[in-house]
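From just these sequences and the hints, can you work out the full model?
Protein sequences appear in the order of chains B and H.
In terms of the numbering used here, the first sequence opens at residue -3 and continues consecutively.
In terms of the numbering used here, the second sequence opens at residue 28 and continues consecutively.
Quick caveat, the hints were computed from the structure, so don't treat them as lab data.
Wrong hints could be hidden among the right ones.
[What the hints assert, rightly or not] From the structure, some residues in chain H lie toward chain B, with a derived Cβ separation under 10 Å:
#1 F44
#2 I48
#3 L52
#4 L55
#5 G65
#6 S66
#7 M74
#8 G76
#9 R80
#10 G85
#11 P231
#12 N234
#13 I247
#14 S249
#15 Y450
#16 L452
[Unchecked claim] Lysine-lysine pairs mimicking DSS-like chemistry, simulated, CA-CA at most 30 Å apart:
#17 H:K341 x H:K202
#18 B:K108 x H:K136
#19 B:K150 x B:K186
#20 H:K311 x H:K341
#21 H:K311 x B:K108
#22 B:K186 x B:K43
[As the list claims (entries may be wrong)] Here chain H is said to cover these stretches of chain B; the calculated rule only asks that three of the stretch's residues, wherever they fall, bring their Cβ under 8 Å from a Cβ of chain H:
#23 34 to 41
#24 74 to 87
#25 123 to 131
From the three backbone atoms N, C-alpha and C, an ideal C-beta is built for every residue, glycine too.
Each chain, written out:
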Amino acid sequence: MTIAKNAARKGLTLIELLVTAVAAVVVVLGVVSVIAYSHQGYNRLFKRTTLGVVPDAYQARLWFDTIVRRATVQRLDVGSPRNNGYDELYVYYYYVDPLTPDSMLAQIVPNKYARFWVSGDNLLLSRGDIQRWTIELDDFPEFAGDPFTIVLAKDVDVGSTPGIFTPQGNAVRIVLTLDNETDAAAGVSKIQTLRMTVTSTALRHNN
Amino acid sequence: MKTGKTKSKRRGMVLPFVISIAVVLAILGIGILQLGFGSRLVAAVTMSGISARSAADGGISQALHQMTQALPPPGSGAIFNDSWIPYSSGELSFPSSNSVATYSYEITKGPVYAGRVYYLITSTGTSGRETRRVNALTTVQTMWFGIGVQDTVNVHSSPDAEFTFLPFPENSDDKGSVRTNSIANSAIWVGPNSTIQGQVLVGPGGNTETGIHEGPNSSIGSSGVAQSELDFPPAVLPPAAGSWPTWSPNYVQLVNEDPVAPVLITRALIESGDYQLPNFSIEKDAGTTWTEVRIRGGVRLHASNEVRFYEGTKLIIEPGSALELFVGTDAGPTSPLTAYNGSEIITMDRESWDLKIYGLPSCTSTGNSPTIALHNSGVFWGVIYAPSANLVVDNTADFYGGFIGYSLTMMNNAVFHYDTRLYDLQNEGPLFFQINRWWEEVVP
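Laid out in structure tokens, this is it:
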């Protein structure tokens, strides 16, 4: 009879409830832990790709490529040698405004310089005017006024790594290692730190 | 009547529970996907930018190659002018597994500055949504810039070697260049006590510290790395050279007026025209043949086998005259062109371009013999374009002019005087294009 059957199913047994509860707890804990770890991973990825060394390395490479590619092949100077490389690089280029073929030709010698250099653990870029140009090896161009300096990257590893710049013919190679992880300050979360190396080679194109 | 199967009145919890979890996971997944998408987007933009830039660079190279191919071949006698420039455009796609990039370029006539015509190459590279534009201003340059070789310049015959590379006239601002395509160690070997006043360039990608060896007490004006490799197109015979008549010598015997040491001179004259012969020799025995050859007017001469200027003989280019000498080697002698001790090859106008020697592709040498040799105490005024030849200038010989070839060896106290006036020959002889200005643009 139907009524009798329904009456027999009025409640759950204690065992059923316990099993259900345990299963639910397990599932909830699993989901929560997945969410927590995913959130942590998201934060790590987000911070590493938008803060700190990653954007610094990207910007440094971009500046390096842009400036060195327009530099003259007539001369290049390096300084601050370290482990078969150099931490200081001078390149020279033409700058005219407005930029037209005629104005470029009218500028007969390079009139701007760019200096990539390391101060502490910062990679800096200084740009300024050339007052007197020379290609003589035992001479050095004279610069005018104060250069305009910006910080390209922080946390440059100047330890055991090779010097940042290596001239190779008309090309210049950059191997830049940024590290805010190894000696991170106390209290700084690991998810905000990273050690990475960016490399690039740019060819000087101008005469 | 009720059936035995009735609908349960209990509300289910499973569905809301599952939906809640699904929503949470979906939100989480979307966040991660967004982050991944952003990172991939940055990577794709960066890669596309680099691909587009490389494509634009490739367009410049292709345009330069096309322009170089259009230059008149050395020896052809053709004079360069604007009509040789392939004012054209081209494009190319080069898909790879990771990107598809294209370039297109255009060659146009650019400004005229300081008397030189410049040509503007504009190359646009595209990859994905990124576009880069590179511009290069080029001008045609003569290869008579001094010494240009494919391989080596050696000045190391002995510890006492004294090689000097000087401009002529000596007060010229232009000091000339010594340039090689090679990037090998010591490709340019500057021996002890040697001087090169001009610029010394190793090949693209080379290193001046390893590519140039400077001996004790030597000095060079400046050193650097060449912007691009020099092309060495083979020299060619002018059209119709095969039908040039054979030279028939017409010579007279003279005695010079030196009262102390009168010398019998047998002088042959080559007057305006085109000639050929297997062997072009100036012999030292005045009793039997000529010891001096004079060139009068414009002369072109094809010596298909060998050229010999024996001891003390003279080849003289008279004022207002010029000689183009084409040297090949039918039989493959060890030294196709040799000027022996004390021989003089001179232009009376003291203009080195009055004598142009073109080494044809067969103008090579076997073994260690020099292809072209200027022996002890000789004097040479002229320019040599011989891409397969090695030139040896022996002790105390003086060379005035320019040399383009495979390699060069200078011996003790030999002096190479680069004729700086050659640089003004913009439209004739071997030429190449040089990039003078270069700039790039990011196309929005």
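Hints and how they fare:
| no. | hint | verdict |
| --- | --- | --- |
| 1 | F44 | 8 Å, holds |
| 2 | I48 | 6 Å, holds |
| 3 | L52 | 8 Å, holds |
| 4 | L55 | 5 Å, holds |
| 5 | G65 | 8 Å, holds |
| 6 | S66 | 6 Å, holds |
| 7 | M74 | 13 Å, violated |
| 8 | G76 | 9 Å, holds |
| 9 | R80 | 8 Å, holds |
| 10 | G85 | 13 Å, violated |
| 11 | P231 | 6 Å, holds |
| 12 | N234 | 7 Å, holds |
| 13 | I247 | 8 Å, holds |
| 14 | S249 | 6 Å, holds |
| 15 | Y450 | 15 Å, violated |
| 16 | L452 | 20 Å, violated |
| 17 | H:K341 x H:K202 | 29 Å, holds |
| 18 | B:K108 x H:K136 | 28 Å, holds |
| 19 | B:K150 x B:K186 | 17 Å, holds |
| 20 | H:K311 x H:K341 | 10 Å, holds |
| 21 | H:K311 x B:K108 | 61 Å, violated |
| 22 | B:K186 x B:K43 | 11 Å, holds |
| 23 | 34 to 41 | holds (count 5) |
| 24 | 74 to 87 | violated (count 0) |
| 25 | 123 to 131 | violated (count 1) |
The structure fails hints 7, 10, 15, 16, 21, 24, 25 (numbered hints given earlier, in ascending order).
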